[in-house]
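Enquirer: Each residue of the sequence shown is one higher than the last, beginning at 30 in our numbering.
Simulated from the structure, these hints should not be mistaken for lab results. Here the structure is a predicted model, which is why all the values come from computation and not from measurement. All C-beta atoms in this analysis are idealised placements derived from N, C-alpha and C, irrespective of residue type, glycine included. Worth double-checking, as some hints may not be accurate.
Simulated crosslink set (DSBU-like; lysine-lysine; CA at most 35 Å straight-line) [what the hints assert, rightly or not]: (1) Lys174 with Lys199; (2) Lys219 with Lys238; (3) Lys286 with Lys199.
Have a look at the derived ranges for each label pair, beta carbon to beta carbon [to be verified]: (4) His206 with Thr140: 27 to 33 Å; (5) Asp221 with Asp182: 37 to 43 Å; (6) Val64 with Ala253: 41 to 47 Å; (7) Asn88 with Gly163: 26 to 32 Å; (8) Pro105 with Pro246: 34 to 40 Å.
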Amino acid sequence: MVRFGIRVSTVAAALSIVALACAAESPLAPGAAPVNLGPVGAGEGPAWSSGALYFTGGNRITKRDLRGAVEVFRSPSGGANGLLFDKEGRLVVCESSNRRITRTEPDGSITVLADNFEGKRFNSPNDLTMDSKGRIYFTDPRYGKRDTMEMRDSEGRMVEGVYRIDAPGKVSRIVTHEVERPNGILISPKDDLLYVADNNNNAVGGARKLWTFRLRPNGAIDPASRKPIFDWKTGRGPDGFKMDESGRLYVAAGRTKPAPPFEDADEFKGGVYILSAEGALLAFVPIPVDEVTNCAFGGPDRKTLFITAGGTLWSLPVTTRGAQTGH
30 MVRFGIRVST
40 VAAALSIVAL
50 ACAAESPLAP
60 GAAPVNLGPV
70 GAGEGPAWSS
80 GALYFTGGNR
90 ITKRDLRGAV
100 EVFRSPSGGA
110 NGLLFDKEGR
120 LVVCESSNRR
130 ITRTEPDGSI
140 TVLADNFEGK
150 RFNSPNDLTM
160 DSKGRIYFTD
170 PRYGKRDTME
180 MRDSEGRMVE
190 GVYRIDAPGK
200 VSRIVTHEVE
210 RPNGILISPK
220 DDLLYVADNN
230 NNAVGGARKL
240 WTFRLRPNGA
250 IDPASRKPIF
260 DWKTGRGPDG
270 FKMDESGRLY
280 VAAGRTKPAP
290 PFEDADEFKG
300 GVYILSAEGA
310 LLAFVPIPVD
320 EVTNCAFGGP
330 DRKTLFITAG
340 GTLWSLPVTT
350 RGAQTGH
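Model the full structure from these sequences, guided by the hints.
Expert: The structure is reproduced here in structure tokens:
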């Protein structure tokens, strides 16, 4: 492919980091490269807390400490997907199979924060973020079979939405049809922007875009403010993503091998796409394992980007700390 005048061959995309535009703005030091930490069941949901990385896969939540020791934190996990830690250090989980959002308390008990909206069960809670007030925002798409979906709008149309939890059981829908199939989600450190990954990747011509919305102080979006940041066109769209302290976005997306008829691998290979706040593609970090699903900052100085991909875990040193969004 050609991006910003630089040709990226299949070999280059498979083996090396490619600086695409505004190289001086890239957070990657010369010679930086992703390191494969092994097939440890890292399918999704990485989150860092108290010197350890937590991730999901195989219906369990796994913990990896600074020494690289891996242990199961919770099993079964209800099909856990996205993870985050709140201000009190409690783990909040999107339980996709159980169709709910839960919080693990210090004594190990589980508090259900939300399992329905207006009496209808969620589709498959996928990813989540938190604002400075402690309000939790999560996406609720449905990939795969759709015959058990209960969410409908007032006209009976299926809804794959975004919701906000103000307190256990107190839930509001903030996105209904403004995106097709919301996946990754993030709130800016100032609580003024909501980023939503729109990844309708099992429909020909479906959306594969990253959007922003202005977020009002009451936690609602301004629908008219919707703005596209980046478009993966006919490739695999954006999944999970994070932000660093300089406002750059690190987005897991793309495919190493095509998955016809829905996703090609011609222009957007599998890896991490590093974008400016305005959506300029600064660098591409290839990960040669499908699917590249999510990432999280961690390490003692929050300058390590951990990446989940097809059950494997990867690490990448960066020069800028991860933003403290959510906690």
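Enquirer: Would you mind marking each hint as holding or not holding in the structure?
Expert: Comparing the hints with the structure gives:
Restraint check for Lys174 and Lys199: satisfied, since their Cα atoms lie roughly 28 Å apart, inside the 35 Å limit. Taking the CA atoms of Lys219 and Lys238, the gap is near 23 Å; set against the 35 Å cutoff, the hint holds. Between Lys286 and Lys199 the alpha-carbon distance is near 42 Å, which puts this suggested pair outside the 35 Å criterion. Range check, His206 to Thr140: Cβ separation about 31 Å, and the 27 to 33 Å hint holds.
At roughly 27 Å, the beta carbons of Asp221 and Asp182 sit outside the given window of 37 to 43 Å. Distance hint for Val64 and Ala253: a CB-CB separation of about 44 Å, consistent with the stated range 41 to 47 Å. The supplied range of 26 to 32 Å is met by Asn88 and Gly163, whose beta-carbon atoms lie about 28 Å from each other. Distance hint for Pro105 and Pro246: a CB-CB separation of about 39 Å, consistent with the stated range 34 to 40 Å.
This entry does not satisfy hints 3, 5, going by the numbered hints stated previously.
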